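Add chain V to chain B, keeping to what the hints say.
Chains B and V supply the protein sequences, listed in that same order.
Each step along the first sequence adds one to the number in our numbering, with nothing skipped, and position 119 is 119.
Each step along the second sequence adds one to the number in our numbering, with nothing skipped, and position 45 is 45.
Derived by calculation from the structure, the hints in this document are not laboratory data.
The structure presented is a predicted model; accordingly, all values stated were derived computationally and were not measured.
Check each hint, because a few of them may be wrong.
When the alpha-carbon atoms are kept at most 30 angstroms apart in a straight line, the in silico DSS-like pairs for lysine-lysine are as follows [as the list claims (entries may be wrong)]:
hint	chain 1	residue 1	chain 2	residue 2
1	B	89	V	144
2	B	119	B	238
3	B	199	B	90
4	B	213	B	126
5	V	144	B	90
6	B	119	B	213
7	V	104	V	117
8	B	26	V	30
9	B	197	B	144
10	B	195	B	26
11	B	195	B	89
12	B	26	B	126
13	B	56	V	30
14	B	26	B	56
15	B	195	B	144
16	V	30	B	144
17	B	26	V	74
18	B	119	B	90
19	B	89	B	126
20	V	30	V	74
21	B	126	V	144
22	B	144	B	119
23	B	119	V	144
24	B	90	B	238
25	B	197	B	89
26	V	211	V	117
27	V	117	B	144
Ranges of calculated distance between the beta carbons of each label pair, as one might list FRET restraints [what the hints assert, rightly or not]:
hint	chain 1	residue 1	chain 2	residue 2	range
28	V	47	B	226	55 to 65 angstroms
29	B	29	V	55	37 to 47 angstroms
30	V	26	B	22	28 to 38 angstroms
31	B	48	V	42	18 to 28 angstroms
32	V	59	B	124	20 to 30 angstroms
33	B	25	V	59	54 to 64 angstroms
34	B	80	V	38	25 to 35 angstroms
35	V	267	B	37	56 to 66 angstroms
Here are a few chain V residues that sit away from chain B, every Cβ distance over 12 angstroms (derived from the structure) [unchecked claim]:
hint	residue
36	52
37	66
38	72
39	146
40	149
Glycine is no exception: its CB is placed at the ideal position from the N, C-alpha and C atoms.
One-letter residues, chain by chain:
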Amino acid sequence: MATKIEEKDETPIIISNLHKGFGNQKVLNGINLRVARGETTAVLGRSGGGKSVLLKLIIRLQTPDTGSIRIAGQEITDLDEEHLNEVRKKVGFLFQQAALYDSLTVEENVAFPLSRHTKMSQTDRKQRVREHLANVGMDRDLRKMPSELSGGMQKRVGLARALVLEPEIVLFDEPTAGLDPITAAEIGDLIVELKQKRKITAIVVTHDVQGAKVFSDRMVFLHEGNVLVEGSFDDLQKNKDQFVAEFLGHGSR
Amino acid sequence: MIYLALFVLGTAIAETLGPGRLLEGVSAAKSLVISGFEWFGDLGMFCARLVRAALAPPYELGELVRQCDSIGSKSLPLVALAGGATGVVLSLQIRDSLTRFGAKSLLPAVIVFSIIKESGPIITGLVLSGRVGAGIGAELGSMKVTEQIDAMEASAVDPYRFLVATRVLACILMLPLLTLAADFCGIFMGWVANTLAEPISLQLFLENGFKNVLFSDFIPPTFKTAVFGFIIGIVACFQGMRTRGGTEGVGRSATSSVVLSSLFVILADVVLVRLILVVYG
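Chain B with its partners taken away, still in its complex shape (with noise of 0.2 angstroms):
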């Protein structure tokens, strides 16, 4: 069992021969998969097609069944919780429904991390709240629920925790689905100044072509769990696959 933090590679996420399967389905089949410091990666792919679970076992919210994953220069798949901790501190994850705790209140949310990891004065903590929530348009509503909130102020909030123990790698799923274009285009713009302003590494999950080719550097095709073709958005229009055309092309009508 791992248990010192090694720090040798400077890539922050490297996916080698990842498979992760439920019964007898296959659903990620030997993936590789490398995103360097500051480069805002998006997976694209069919639903189902396991790019949500990819992001989950980079997290170790899911165990894979064979493969090797190493966040931040840490190889998770055999690491103990408490290293586990460690390295789960340094990513931050904004999950597809936001996820936020519906006992607490927007504010309590996104100090959530702070209080259990930091040992801030309440002044301060309240302050880098109100900070990460102002960032995301979301700092007058810090008293609401999150059923008081729409759909695309929950994922607001949720990035604002995902953000607030300001994490050097994001996790985004899906984070433009269901939204309207409006709202999701501002999400999107939102990605594009975290990495402009942060400098951040992210995987971005999306079926949003269009939102993807503004937010991302490189994008990642999954099909039939395994990696089909990764690229440019230019790159991947010339691309000659048929799947890689109608998804594209679907995408940009």
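Using the frame of chain B, we list chain V on its own:
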């Protein structure tokens, strides 16, 4: 004789169902037994993970206090009402029976003994199985299906420490206190019902009732409810944390939490009463 009876019963069932249906029945029973063993195995692993999480710092005292309030203070009116109603019913029923045997003077003692030794603890256990079991099962179940538990793990917070350990510990701490409240209300309402039928002062009622009560009559039955609390907390958290399948799954978790925790509370009561009798005579 028993073997003969089983043979006759088996033959009768086989003839009624026919060979195909019998095989189906056997396979259904087999899968039921296997899933039962699986459930207990998973529960064992859940308890082991809980113990590891609960013993290691940091301790979630703020959440523990919040759960004690939610499980303890907010259950108090219901438990007090159930305890009071039990006291009234016991008084009404026992008065009639004792009058027939000419032992009406024993009424306060019978009410006090039956409430502190059994009625108070079991009523509290069952009321809490319903209120708290359903509440925890549904709350954790809905957190599970809406990825809130995943979000907590992603934030490097152990949900077993933050959500499960605090709820189980709050149940263990609150059940004996709530039992005291049920006992108090039961005895008091037993006196009220008694005095309405035949006036007697509260002081005399209590003197008669507690004359022969020893600490060993009171302490073990009250503290056995800590075991009920453990059962309710563990079963409800376990059912909640293994919820699958959206809102329907949440409903199933809430229902199964109540059914299983009530069942195990009653079974544990049988074992504990026997154990207390062995130890204290």
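Verification of the supplied hints:
no.: 1; hint: B:89 / V:144; verdict: holds (21 angstroms)
no.: 2; hint: B:119 / B:238; verdict: violated (52 angstroms)
no.: 3; hint: B:199 / B:90; verdict: holds (14 angstroms)
no.: 4; hint: B:213 / B:126; verdict: violated (35 angstroms)
no.: 5; hint: V:144 / B:90; verdict: holds (23 angstroms)
no.: 6; hint: B:119 / B:213; verdict: violated (40 angstroms)
no.: 7; hint: V:104 / V:117; verdict: holds (20 angstroms)
no.: 8; hint: B:26 / V:30; verdict: holds (29 angstroms)
no.: 9; hint: B:197 / B:144; verdict: holds (28 angstroms)
no.: 10; hint: B:195 / B:26; verdict: violated (33 angstroms)
no.: 11; hint: B:195 / B:89; verdict: holds (19 angstroms)
no.: 12; hint: B:26 / B:126; verdict: violated (45 angstroms)
no.: 13; hint: B:56 / V:30; verdict: violated (35 angstroms)
no.: 14; hint: B:26 / B:56; verdict: holds (16 angstroms)
no.: 15; hint: B:195 / B:144; verdict: holds (29 angstroms)
no.: 16; hint: V:30 / B:144; verdict: violated (51 angstroms)
no.: 17; hint: B:26 / V:74; verdict: violated (48 angstroms)
no.: 18; hint: B:119 / B:90; verdict: holds (17 angstroms)
no.: 19; hint: B:89 / B:126; verdict: holds (19 angstroms)
no.: 20; hint: V:30 / V:74; verdict: violated (42 angstroms)
no.: 21; hint: B:126 / V:144; verdict: holds (28 angstroms)
no.: 22; hint: B:144 / B:119; verdict: holds (25 angstroms)
no.: 23; hint: B:119 / V:144; verdict: holds (29 angstroms)
no.: 24; hint: B:90 / B:238; verdict: violated (36 angstroms)
no.: 25; hint: B:197 / B:89; verdict: holds (20 angstroms)
no.: 26; hint: V:211 / V:117; verdict: holds (15 angstroms)
no.: 27; hint: V:117 / B:144; verdict: violated (47 angstroms)
no.: 28; hint: V:47 / B:226: 55 to 65 angstroms; verdict: violated (40 angstroms)
no.: 29; hint: B:29 / V:55: 37 to 47 angstroms; verdict: holds (40 angstroms)
no.: 30; hint: V:26 / B:22: 28 to 38 angstroms; verdict: holds (30 angstroms)
no.: 31; hint: B:48 / V:42: 18 to 28 angstroms; verdict: holds (27 angstroms)
no.: 32; hint: V:59 / B:124: 20 to 30 angstroms; verdict: holds (23 angstroms)
no.: 33; hint: B:25 / V:59: 54 to 64 angstroms; verdict: violated (41 angstroms)
no.: 34; hint: B:80 / V:38: 25 to 35 angstroms; verdict: holds (26 angstroms)
no.: 35; hint: V:267 / B:37: 56 to 66 angstroms; verdict: holds (58 angstroms)
no.: 36; hint: 52; verdict: violated (8 angstroms)
no.: 37; hint: 66; verdict: violated (9 angstroms)
no.: 38; hint: 72; verdict: holds (17 angstroms)
no.: 39; hint: 146; verdict: violated (6 angstroms)
no.: 40; hint: 149; verdict: violated (9 angstroms)
Hints 2, 4, 6, 10, 12, 13, 16, 17, 20, 24, 27, 28, 33, 36, 37, 39 and 40 from the earlier list are contradicted by this structure; the remaining hints agree with it.
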